[in-house]
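Number of protein chains: 2
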Amino acid sequence: MAAIKKRGKQSIAFSSPPVICAWGSVVGPKEGKGPWNEKFDLVLEDYLLGEKTWERAESRILEEAVKLALSKKGLTTGDAELLLAGDLLNQLVSSNYAARELAIPFLGLYGACSTMAEALLTGAMLLDGGFYERVVAAAVSHHYTSERQFRFPTEQGVQKAPTAQWTVTGSGAAVLQTAGVGPRITCATIGKVIDLGQTDPGDMGSAMAPAAVDTLKIHLDDTGRPSDYYDLIITGDLGNVGMALATEMFVKQGICPKPNYSDCGVLIYDDSQGVNSGGSGCGCAASMLCGPLLKKMADGEINRLLLIATGALMSPTVSFQGETIPGIAHAVALENYC
Amino acid sequence: MAAIKKRGKQSIAFSSPPVICAWGSVVGPKEGKGPWNEKFDLVLEDYLLGEKTWERAESRILEEAVKLALSKKGLTTGDAELLLAGDLLNQLVSSNYAARELAIPFLGLYGACSTMAEALLTGAMLLDGGFYERVVAAAVSHHYTSERQFRFPTEQGVQKAPTAQWTVTGSGAAVLQTAGVGPRITCATIGKVIDLGQTDPGDMGSAMAPAAVDTLKIHLDDTGRPSDYYDLIITGDLGNVGMALATEMFVKQGICPKPNYSDCGVLIYDDSQGVNSGGSGCGCAASMLCGPLLKKMADGEINRLLLIATGALMSPTVSFQGETIPGIAHAVALENYC
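Protein chains in written order, with the numbering used here: chain F, 4 to 341; chain V, 4 to 341.
Be aware that a few hints might be false.
Said to hold, decoys possible - The calculated DSS-like cross-link candidates involving lysine-lysine, where the alpha carbons are at most 27 Å apart (straight line), are:
| # | chain 1 | residue 1 | chain 2 | residue 2 |
| --- | --- | --- | --- | --- |
| 1 | V | K220 | V | K42 |
| 2 | V | K220 | F | K12 |
| 3 | V | K12 | F | K76 |
| 4 | F | K163 | F | K220 |
| 5 | F | K42 | F | K298 |
| 6 | V | K36 | V | K75 |
| 7 | F | K12 | V | K76 |
| 8 | V | K12 | F | K12 |
| 9 | F | K70 | V | K75 |
| 10 | V | K261 | V | K220 |
| 11 | F | K298 | F | K261 |
| 12 | F | K36 | F | K70 |
| 13 | V | K299 | V | K70 |
| 14 | F | K70 | F | K299 |
| 15 | F | K220 | F | K36 |
| 16 | V | K76 | V | K299 |
| 17 | F | K70 | F | K298 |
| 18 | V | K42 | F | K75 |
None of these hints come from the bench; they were simulated from the model.
Could you build all of it, start to finish, from the sequences and the hints given here?
Given below as structure tokens:
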């Protein structure tokens, strides 16, 4: 059935909404000490998992999340037809090396912290398009590999700005199928790159907020849904500063998502954990989705969820060259059929 | 029509093969001095295009290739529903900033030098799946941004190993449509990450050759096609060293693709150009495809082409940590309907 699934130019409505039949989450020690400890499948005791480097550990975290998700349905890696995954490291090495170990045909995606949404919506299109019956969508980040790559040597103990966020050590993996039981991916909106001229790499939340607002506005316009259609609209990792800015911008756009709007970066840690503006990293939205949020959907506590994962698209090189920081946001609607 | 398009686990056969209705290529001065000068749409006079940095220039090269491809059918960026693109730079900045300027909804892909094939096959699935009518697939690389990022400061003039390759300055963009006139994407094979333990970052061709062989073997098995079904089987950028190794491995697998096998990295430069083992970079396969190769298809000189774009998936960080270099290869079959 090749119905026209597209509604408007940026949103897709699926003919046969793919099912998230299983999911898995692995997080670091700090994330385990936050409010959601028992909602994650696996909380690590340290940042290395017995590996020699943080980079290898990050790759293992992704690998374990994928295996964990598959195992919940008694599946192994051989049962997955395709892996769609990404991370924040240069040349996507965490995902590449995990894909090597998992030996699943692999498409590498890069959307910075929006990657989990990119993987989910691309996977959903490939399933609904009739090309696959079971794919895995996943993303990972690691606090210490990100610090090393994007910021300062961790040993230096540089003080962070109040607007700065803490990169989450964690991964989430979702098993998507054409058939089965679980929340369904009913529609998606693919974002454009939006840049309002922010240049401070210590405030990614403000750089990404305009993209989140643009994508939500288009999503609601394309689908004709009011914002209260969703039990929860959740952005990826705007943090406290970015979420406040986004909320202000939503109101200016005539959208009032409160009280059903929140942000994974705001929720993942306790205020007492010293994370300044909140959590970030593509493992933030991925682990919150494949931990607490999908659990709430399975329990019927949330029946309609809109995940708007957001990414800041600069690199340290171009940031040093004076470039502004563009953002992107992709939205994925998950719904329980009651 | 939701026919089962999948043949075997890794290959896709399209129900309504998408059409490459237009294409564009932009290359640097050195590439213009090679054997294909007049086959590229635009040969640059320098490496900066009037920009202040090579990074900005790389982004512009991608932007221009996309606009050029669209313009050939009288289209502008507003006519493209989706951009699928990638590059080699950290955090995919060339593509991100080009997508910002182009303002087309954007999915960032990272497959190292296999990115053009990843973009083509993903785009083809999204068209054949009924989600879009027109998307653009593109990739770019730039010699001097790659040197800066992956190797040594260019000013240092470090001597290269005989096995080393020259990163191509160039981009290719293809406009894919559900309907129209042009070569069609009839099938595709998505690769696994293959790692035979190579550790020399000065010999990427040998690191990628096993992935190319694996993907071609699976493609031929899945589709039941003999290797001489294709007028040309062309790998992305194995270069002379990698191509010789791949040829040897093909024979061991019982595949004898000669005389219809070649490699974009071997073809793009003249031997006299001092490029050691040949060309590389995701702009290599992209510009060769969207320049000389699609021109040959339009002229009926080639009617069946299998592009196997290959990527080496390590980063300098993990390479310094002693990791081996895994490779990936994706195959895309392009056919003229006679």
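Task: 27 Å limit on alpha-carbon distance, applied to hinted pair V/K299 and V/K70 - done: Given that 27 Å is the threshold and the Cα spacing comes to 22 Å, the pair holds.
TODO: Given the hint that V/K220 pairs with F/K12, test it: the Cα-Cα distance must not exceed 27 Å.
DONE: 39 Å, violated
TODO: For the pair we were handed, F/K12 and V/K76, check the Cα-Cα distance against 27 Å.
DONE: This hinted pair holds, its Cα atoms lying about 20 Å apart.
TODO: Decide if the proposed pair is consistent with the structure: F/K70 and F/K299, CA atoms, cutoff 27 Å inclusive.
DONE: Measuring from Cα to Cα gives roughly 22 Å; hence the hint holds.
Task: Proposed proximity, F/K261 with F/K298 (alpha carbon, max 27 Å) - done: 22 Å, holds
Task: 27 Å limit on alpha-carbon distance, applied to hinted pair V/K220 and V/K42 - done: At roughly 31 Å apart (the allowed maximum being 27 Å), V/K42 and V/K220 break the hint.
- [ ] Would you mind confirming whether the straight-line C-alpha gap from V/K261 to V/K220 stays at or under 27 Å?
- [x] Roughly 14 Å between the alpha carbons, so the hint for V/K261 and V/K220 holds.
Task: Holds or violated: F/K70 to V/K75, with C-alpha atoms at most 27 Å apart - done: 47 Å, violated
Task: Pair hint outcome, V/K42 versus F/K75 [Cα-Cα no greater than 27 Å] - done: With a Cα-Cα distance of about 53 Å, the restraint between V/K42 and F/K75 is violated, given a limit of 27 Å.
- [ ] With a cut-off of 27 Å on the C-alpha distance, tell me whether V/K12 and F/K76 pass.
- [x] Distance ~20 Å between V/K12 and F/K76 Cα, so the pair holds.
Open item on the list: Next pair to validate is F/K220 with F/K36; report whether the Cα-Cα distance is within 27 Å.
Closed with: Violated - the C-alpha atoms of F/K36 and F/K220 are around 35 Å apart, more than 27 Å.
TODO: Take a quick look at whether F/K42 and F/K298 sit within 27 Å of each other, Cα to Cα.
DONE: 7 Å, holds
Violated hints for the displayed structure, listed by number in ascending order: 1, 2, 4, 8, 9, 15, 18.
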